[in-house]
Amino acid sequence: MRKFIFRILSVGTIPNHIAFIMDGNRRYAKKHNLWADDAAGHKAGFLALTSMLKYCYELGIKCVSIYAFSIDNFKRRPNEVQYVMDLMLEKIQGLLKEESIVQKYGARVYFRGNMTLLTEPIRVAAEKAMVATANNTGMMLFICVAYTSTDEIVHAIQESCNNKWVGIQEANGSIAWNQAIGDEEYQLEEKAIIKLRDIEKHMYMGVAPDPDILIRTSGECRLSNFQLWQTTYCLLYSPAVLWPEIGLRHLVRAVLDFQRHRSYLEKKKKQA
Amino acid sequence: MICLLTLPPVPLELKSPLSFRTRAQQQHSHPFSQTLRSHTVPHKTLTGGGTATTTVANVALSEHNDLNAAEEGEPLPAELNEELMPNHVAVIMDGNGRWAKQRGLPTSAGHQAGSRSLRELVEICCKWGIRVLTVFAFSYDNWIRPKVEVDFLMNLFEREIKSQMQKFVSEGIRISVIGDSSKLPQSLQKLISDAEEKTKDNSRFQLIVAASYSGKYDIVQACKSLACKVKDGVIQLEDISESLVEQELETNCTEYPYPDLLIRTSGELRVSNFLLWQLAYTEFFFVKELWPDFGKAEFVEALISFQQRQRRYGARLS
Numbered sequence: 002m003r004k005f006i007f008r009i010l011s012v013g014t015i016p017n018h019i020a021f022i023m024d025g026n027r028r029y030a031k032k033h034n035l036w037a038d039d040a041a042g043h044k045a046g047f048l049a050l051t052s053m054l055k056y057c058y059e060l061g062i063k064c065v066s067i068y069a070f071s072i073d074n075f076k077r078r079p080n081e082v083q084y085v086m087d088l089m090l091e092k093i094q095g096l097l098k099e100e101s102i103v104q105k106y107g108a109r110v111y112f113r114g115n116m117t118l119l120t121e122p123i124r125v126a127a128e129k130a131m132v133a134t135a136n137n138t139g140m141m142l143f144i145c146v147a148y149t150s151t152d153e154i155v156h157a158i159q160e161s162c163n164n165k166w167v168g169i170q171e172a173n174g175s176i177a178w179n180q181a182i183g184d185e186e187y188q189l190e191e192k193a194i195i196k197l198r199d200i201e202k203h204m205y206m207g208v209a210p211d212p213d214i215l216i217r218t219s220g221e222c223r224l225s226n227f228q229l230w231q232t233t234y235c236l237l238y239s240p241a242v243l244w245p246e247i248g249l250r251h252l253v254r255a256v257l258d259f260q261r262h263r264s265y266l267e268k269k270k271k272q273a
Numbered sequence: 049m050i051c052l053l054t055l056p057p058v059p060l061e062l063k064s065p066l067s068f069r070t071r072a073q074q075q076h077s078h079p080f081s082q083t084l085r086s087h088t089v090p091h092k093t094l095t096g097g098g099t100a101t102t103t104v105a106n107v108a109l110s111e112h113n114d115l116n117a118a119e120e121g122e123p124l125p126a127e128l129n130e131e132l133m134p135n136h137v138a139v140i141m142d143g144n145g146r147w148a149k150q151r152g153l154p155t156s157a158g159h160q161a162g163s164r165s166l167r168e169l170v171e172i173c174c175k176w177g178i179r180v181l182t183v184f185a186f187s188y189d190n191w192i193r194p195k196v197e198v199d200f201l202m203n204l205f206e207r208e209i210k211s212q213m214q215k216f217v218s219e220g221i222r223i224s225v226i227g228d229s230s231k232l233p234q235s236l237q238k239l240i241s242d243a244e245e246k247t248k249d250n251s252r253f254q255l256i257v258a259a260s261y262s263g264k265y266d267i268v269q270a271c272k273s274l275a276c277k278v279k280d281g282v283i284q285l286e287d288i289s290e291s292l293v294e295q296e297l298e299t300n301c302t303e304y305p306y307p308d309l310l311i312r313t314s315g316e317l318r319v320s321n322f323l324l325w326q327l328a329y330t331e332f333f334f335v336k337e338l339w340p341d342f343g344k345a346e347f348v349e350a351l352i353s354f355q356q357r358q359r360r361y362g363a364r365l366s
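Listed in order, the protein sequences are those of chains W and S.
In case it helps, the numbering used here puts the first sequence at residues 2 to 273.
In case it helps, the numbering used here puts the second sequence at residues 49 to 366.
No lab work stands behind these hints: they were computed from the structure.
Since the model is a prediction, treat every value here as computed from it, not as a measurement.
There may be inaccurate statements among the hints.
What the hints assert, rightly or not - List of simulated lysine to aspartate or glutamate pairs, EDC-like, C-alpha gap at most 16 angstroms:
1) S:K215 with S:E168
2) S:K210 with S:D242
3) W:K98 with W:E128
4) W:K44 with W:D24
5) S:K279 with W:E160
6) S:K336 with W:D258
Could you put the whole structure together from the sequences, leaning on the hints where they help?
What follows is the structure, encoded as structure tokens:
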């Protein structure tokens with residue numbers, strides 16, 4: 002049945018990259034009277050994630066990114082933060098196992114965010130997982146941890162400034178020795194100090210294509226500092242369902258909406 | 049005012065990660081409080097002499113071309129809570145072209161109708177004590193639109209600024225324009241500059257018009273500015289932080305740079321290179337109506353939805 006649905010969807014354009022904000026784990030736990038245990042909601046959320054990854058893989062989506070843990074989430078109660086960190090460590094180590102979904106789908110895993118904010122065990126495990134999957138050519142899976150878009154942009158700005166500054170200093174050095182370089186060229190170099198592509202190059206998410214669809218569950222309609230730069234043209238879809246309850250039908254709906262909007266945009270482009 | 053074309057990005061020429069959003073502290077007395085107003089605007093006593101109890105003034109608000117609308121405050125609809133009104137509303141005014149097409153009219157008619165919607169919205173925002181309204185009038189990405197349409201829009205801008213100037217001055221409205229103004233016609237640039245100068249001390253309400261604006265461009269220019277400061281030794285590379293970037297963005301012209309609510313009309317579900325950094329925690333509200341059909345009723349619906357939202361900024365409320 003699922004294969005049949007996916008075959009129909011494949012008649013239209015399949016999005017390259019879907020981004021997920023997995024919101025609603027705690028509300029799910031509360032709803033099912035598991036509220037005493039923060040863990041239950043997050044565990045259910047992880048199961049939902051594996052299902053979504055499976056569907057995305059079967060549909061032929063090349064790239065998936067998930068907002069696993071925001072820098073803002075460090076503000077939560079220490080025991081919830083600790084639980085999520087422990088769960089993350091457990092799951093990252095699980096990725097290295099042969100039977101993991103990542104290995105099954107040949108996915109290449111990328112951890113993106115301000116990794117210095119994480120403890121060493123997690124950093125080490127993440128690094129191992131990235132190395133272990135580096136040769137995988139299936140889906141690209143971006144796991145955003147200790148991530149916010151504004152932090153990413155600041156980091157990209159710092160790197161761009163640093164590179165350009167080093168570049169200019171080198172140019173300055175060579176000017177002293179090379180009489181042939183005129184003042185004009187030097188002025189141009191000065192003026193063209195930072196360009197859009199310099200910043201994009203240094204984004205944590207730089208190797209990924211921009212998302213085509215951003216799905217945020219639990220009905221909240223905001224970005225919460227996730228991929229602000231990268232999602233500026235993408236379709237924003239916010240179903241009311243809580244993350245642990247997300248299903249195939251939501252993904253299908255999102256892709257259908259994407260295809261419908263896309264054909265409208267293509268028409269508009271032709272008119273321009 | 050314009051039907052935005054959402055295209056793939058056009059190539060442009062542009063420590064302390066735990067610094068929790070100072071924007072939340074800017075806007076709220078308590079970071080996670082639902083109370084958005086740090087003060088209440090006495091919108092019923094704007095000019096001397098008006099009695100707060102009269103309701104005759106409400107009728108005047110629906111007059112599109114009435115520049116001398118009564119100064120009496122329009123009471124907030126019963127469904128809205130004054131304490132939960134947003135400080136800053138942003139709008140992507142999409143759908144003018146489709147509106148005109150539906151009626152067999154030229155696109156310019158759609159833009160004219162759209163400008164009426166804008167004037168109405170400014171009126172309502174003023175009366176209901178919203179402090180800032182930012183509107184996406186013309187995207188940097190829109191320069192590739194047909195010349196006829198672009199020229200018409202530039203003329204429309206000029207006409208609107210000229211015709212509304214008196215109102216801005218008399219009603220304490222400050223106008224600011226953000227975007228790459230170098231691409232605008234010289235006459236419009238001068239007009240904008242004069243209007244900004246004339247109204248810069250007005251503090252009742254601020255209208256920010258994003259013209260030839262791109263959220264990415266805003267960040268690139270902030271970055272260039274910071275790079276120059278580093279080069280000149282004003283700041284160190286390590287000093288570059290979120291708050292330094294915030295100060296360089298074009299929204300540094302206002303006390304409330306971060307929209308609480310973003311409304312986009314015409315059913316499009318995307319941001320399309322409008323404010324980018326500034327929308328990190330903004331609540332989005334997408335509306336099916338085309339911009340010329342967006343009026344008070346639709347705005348109230350957006351505000352009701354906004355007031356029901358729980359804004360957590362990544363933390364937990366309980």
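Open item on the list: When the structure is checked against the list of hints, which entries are broken? Sort them ascending.
Closed with: The structure conflicts with no hint, since it agrees with every one listed earlier.
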